[in-house]
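Asker: What follows is each chain in one-letter form.
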Amino acid sequence: MSLSTINWKQLARKAGVPMVLLIAVAFLPLYGPGYTVTMFTYFLEYTILSISWMIFSGSTGYISLATAAFYGIGIYTAALLGETLPLFIVVIVGGLASAAIAFVVGAITLRLRGIYFAMFTFGLVLLLKEVIYFWEIDITGTRGRFVVLQSNETIFYYLLGIFIVTMVATILLKRSKYGLALASIGLNEEAAAHSGINVTMVKVLTYALSAVFMGAVGVIMATKLTYVDPGVAFNPMMSFSPALMAIFGGMGSLYGPIVGSVLFTYIQELLTTGVLKNYYMLIFGAILVATILYLPNGIMGLAQNLWKRIGGMRAHTRG
Amino acid sequence: MDLAFSIILGGLLIGGIYSLVSMGLSLQYGVAKVLNIAHGEFLMVGAFLTFWLHHNGVDPLVTVLIVGPLMFVIGFVLYRFVFNTIRRKTPNPGVFESNSMLASFGFLFIVQNIAVLIWGTTPQSYAYLSGAVSIGGSLFNENRLVAAAFAIAIGTAFYLFLARTRTGKAIRAAAQDASIAGLMGVNINNTLSLCFGFGAAMAGVAGSLISICYPIYTTMGLGYTLIAIVVVTLGGLGSIPGSFIGGFILGVIGTGVTAWEPGLSVAAYYIIFILLLLLRPKGIMGK
Numbered sequence: 003m004s005l006s007t008i009n010w011k012q013l014a015r016k017a018g019v020p021m022v023l024l025i026a027v028a029f030l031p032l033y034g035p036g037y038t039v040t041m042f043t044y045f046l047e048y049t050i051l052s053i054s055w056m057i058f059s060g061s062t063g064y065i066s067l068a069t070a071a072f073y074g075i076g077i078y079t080a081a082l083l084g085e086t087l088p089l090f091i092v093v094i095v096g097g098l099a100s101a102a103i104a105f106v107v108g109a110i111t112l113r114l115r116g117i118y119f120a121m122f123t124f125g126l127v128l129l130l131k132e133v134i135y136f137w138e139i140d141i142t143g144t145r146g147r148f149v150v151l152q153s154n155e156t157i158f159y160y161l162l163g164i165f166i167v168t169m170v171a172t173i174l175l176k177r178s179k180y181g182l183a184l185a186s187i188g189l190n191e192e193a194a195a196h197s198g199i200n201v202t203m204v205k206v207l208t209y210a211l212s213a214v215f216m217g218a219v220g221v222i223m224a225t226k227l228t229y230v231d232p233g234v235a236f237n238p239m240m241s242f243s244p245a246l247m248a249i250f251g252g253m254g255s256l257y258g259p260i261v262g263s264v265l266f267t268y269i270q271e272l273l274t275t276g277v278l279k280n281y282y283m284l285i286f287g288a289i290l291v292a293t294i295l296y297l298p299n300g301i302m303g304l305a306q307n308l309w310k311r312i313g314g315m316r317a318h319t320r321g
Numbered sequence: 222m223d224l225a226f227s228i229i230l231g232g233l234l235i236g237g238i239y240s241l242v243s244m245g246l247s248l249q250y251g252v253a254k255v256l257n258i259a260h261g262e263f264l265m266v267g268a269f270l271t272f273w274l275h276h277n278g279v280d281p282l283v284t285v286l287i288v289g290p291l292m293f294v295i296g297f298v299l300y301r302f303v304f305n306t307i308r309r310k311t312p313n314p315g316v317f318e319s320n321s322m323l324a325s326f327g328f329l330f331i332v333q334n335i336a337v338l339i340w341g342t343t344p345q346s347y348a349y350l351s352g353a354v355s356i357g358g359s360l361f362n363e364n365r366l367v368a369a370a371f372a373i374a375i376g377t378a379f380y381l382f383l384a385r386t387r388t389g390k391a392i393r394a395a396a397q398d399a400s401i402a403g404l405m406g407v408n409i410n411n412t413l414s415l416c417f418g419f420g421a422a423m424a425g426v427a428g429s430l431i432s433i434c435y436p437i438y439t440t441m442g443l444g445y446t447l448i449a450i451v452v453v454t455l456g457g458l459g460s461i462p463g464s465f466i467g468g469f470i471l472g473v474i475g476t477g478v479t480a481w482e483p484g485l486s487v488a489a490y491y492i493i494f495i496l497l498l499l500l501r502p503k504g505i506m507g508k
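Note that the protein sequences, when read in sequence, are chains A and B.
Going by our numbering, the residue at position 111 of the first sequence is 113; the numbering climbs one at a time, nothing skipped.
Going by our numbering, the residue at position 202 of the second sequence is 423; the numbering climbs one at a time, nothing skipped.
The following block holds chain A by itself, in its conformation from the complex (with noise of 0.2 angstroms):
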């Protein structure tokens, strides 16, 4: 695309605010209480998660249950190499791990029926989870590992890093041809392959890339912890939080699982930490069955729907 052709115009009002708000973000360690910067960690951190579980699972219709996986991969891939290697290099590292793994499973799964792709994937995390804890138990004779902690402000700025990368990728792959191909397995597959596409290594390229910033996430995140072991590295609620938050702000745009994981990050913290703690899987659980049956396009789709129900009557009173 020359530079000419661009419609800056259109351009600077569709990028307009998002970029105006990026960079208030950007900026908030500056200003900002120690308090929100750290909430906006969760923000990011969730919002990452969920956006990379939509690129697969959104698109495609097939529900990946793995994140926690990936994420843990990443978290391992910290405590093994943060004192080695630069931080910088242990992301990518631990992004391309998590990719490689997620091409494997891809490659062998993805050519089952959803379902069995959905307890496939979960069952990786509670594999993981057991193989380690086997490991380090029985072969090393250790339990658990330390990480190199970093400060609040280099966590921010990565995750902010990593956000950025994963909003481009996203982007650039709803627009290119994968994207088309993606949309249309997750119309009617067999439609896609009989069309030309290469379903399957689509579907396993497109799995590995939402890897990387899952894994990725893991490495960062896994700074703030000090302390590893399987049980905190392959938790299953991180397989399940991202896509309720992407499900609950909506799939039909980017901004849905932006929407859907800032409010719900707000709603866990505002739970876990007040008189209601005792009660937060509980709620968790009931807004899950609540989200699914009545909010199916989650609240972006509602607020659509609402929009388009007030410019209708308005279009009535007019008429």
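Treat the hints with care, as some may be off.
What the simulated footprint calls covered on chain A by chain B, stretch by stretch (three residues with Cβ under 8 angstroms from a Cβ of chain B suffice, anywhere in the stretch; the number is not a length) [as the list claims (entries may be wrong)]:
{"id": "1", "segment": "201–214"}
{"id": "2", "segment": "218–230"}
Estimated spans, in silico, between C-beta atoms of each pair [to be verified]:
{"id": "3", "chain 1": "A", "residue 1": "Val234", "chain 2": "B", "residue 2": "Ser346", "range": "27 to 37 angstroms"}
{"id": "4", "chain 1": "A", "residue 1": "Tyr159", "chain 2": "B", "residue 2": "Pro483", "range": "40 to 50 angstroms"}
{"id": "5", "chain 1": "A", "residue 1": "Asn280", "chain 2": "B", "residue 2": "Ser346", "range": "22 to 32 angstroms"}
{"id": "6", "chain 1": "A", "residue 1": "Asn280", "chain 2": "B", "residue 2": "Ala384", "range": "40 to 50 angstroms"}
{"id": "7", "chain 1": "B", "residue 1": "Ser346", "chain 2": "A", "residue 2": "Val27", "range": "49 to 59 angstroms"}
{"id": "8", "chain 1": "B", "residue 1": "Pro502", "chain 2": "A", "residue 2": "Lys16", "range": "24 to 34 angstroms"}
Source of the hints: derived by calculation from the structure; they are not laboratory data.
Using N, Cα and C, we set each Cβ at its ideal position, and we do this for glycine too.
Given chain A, put chain B in place with the hints provided.
Answerer: Showing chain B alone in chain A's frame:
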């Protein structure tokens, strides 16, 4: 040799319970198409109800008569009001399968959280028929034999119900193709709700039987759900006899792996699951 014998017999005893749990999931997933991740939670609730009733002086084997019908009603209502609604709202069966699975995860969180609030997280157990019987040189507790016998009796009775009654025929028709069975005059909403209810009842009864021989805890459910998923895949989707036989096979394999290295039992189930899906996704009894 003795070890092999005791592993096989022990595996068959626990296998009877796995069969019952898996037949339940086979009805819910194979027929009603809901991969119910909360299946094990019905089992856990059944186990704790039995524990509580036993505490109040009811014989554990009698509690089966209370737990079974109660779980049936809960399962029936759950399908009627939740999963059926999801079924009507989703555009195609694939989306229904994913959405109902996610919703069942929601129920898992809800039920488990309530159970933890009521009963806490410490393992519970009570003594019932705990005398030992020697079979071929290996010692087994009486309660394990009774539990396995009960499980097999219930499984067989249900099989006869499927094979001989009109409702059973409707369920078998729905297992083959629910929408065509509907066109042939089977009341499909009712039949699928019945299947879900029966599945829940079997999980509850299996929980009662587990509570008389093993310690129970509020987070035990998911492990049994995973075993049931492997067994249902092994036996063939929608094949009730397949799940029945598969339960025994997995019981023996699981007992063997646990005797060798307890830390790797989940890994063993996972590998069986991978191999099955790659080599024979239809299962041993699938068509």
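Asker: Look at the Cβ atoms of Val234 of chain A and Ser346 of chain B and judge whether their distance stays inside 27 to 37 angstroms.
Answerer: Holds, since Val234 of chain A and Ser346 of chain B (Cβ atoms, about 29 angstroms apart) stay within the stated range.
Asker: Cβ-Cβ distance between Ser346 of chain B and Val27 of chain A: within 49 to 59 angstroms?
Answerer: Given range 49 to 59 angstroms: holds, Cβ gap about 53 angstroms.
Asker: Given the hint of 24 to 34 angstroms, check if Pro502 of chain B and Lys16 of chain A actually sit that far apart at their C-beta atoms.
Answerer: Violated: the Cβ-Cβ distance is about 45 angstroms, outside 24 to 34 angstroms.
Asker: Does the segment 201–214 of chain A contain three or more residues whose Cβ lies closer than 8 angstroms to a Cβ of chain B?
Answerer: It is violated: at least three residues are needed, and the segment 201–214 of chain A offers just 0 whose Cβ sits closer than 8 angstroms to chain B.
Asker: Does the hinted range 40 to 50 angstroms hold for Tyr159 of chain A and Pro483 of chain B at CB?
Answerer: With Cβ atoms ~44 angstroms apart, the hint holds.
Asker: Range first: 40 to 50 angstroms. Now tell me if the beta carbons of Asn280 of chain A and Ala384 of chain B are that far apart.
Answerer: holds, 47 angstroms
Asker: With a C-beta cutoff of 8 angstroms, work out whether three or more residues of the segment 218–230 of chain A approach chain B closely enough for the coverage to hold.
Answerer: violated (count 0)
Asker: Given the range 22 to 32 angstroms, decide if the beta-carbon distance of Asn280 of chain A to Ser346 of chain B lies inside it.
Answerer: Holds, since Asn280 of chain A and Ser346 of chain B (Cβ atoms, about 25 angstroms apart) stay within the stated range.
Of the hints listed earlier, those the structure fails to meet are numbers 1, 2, 8, in rising order.
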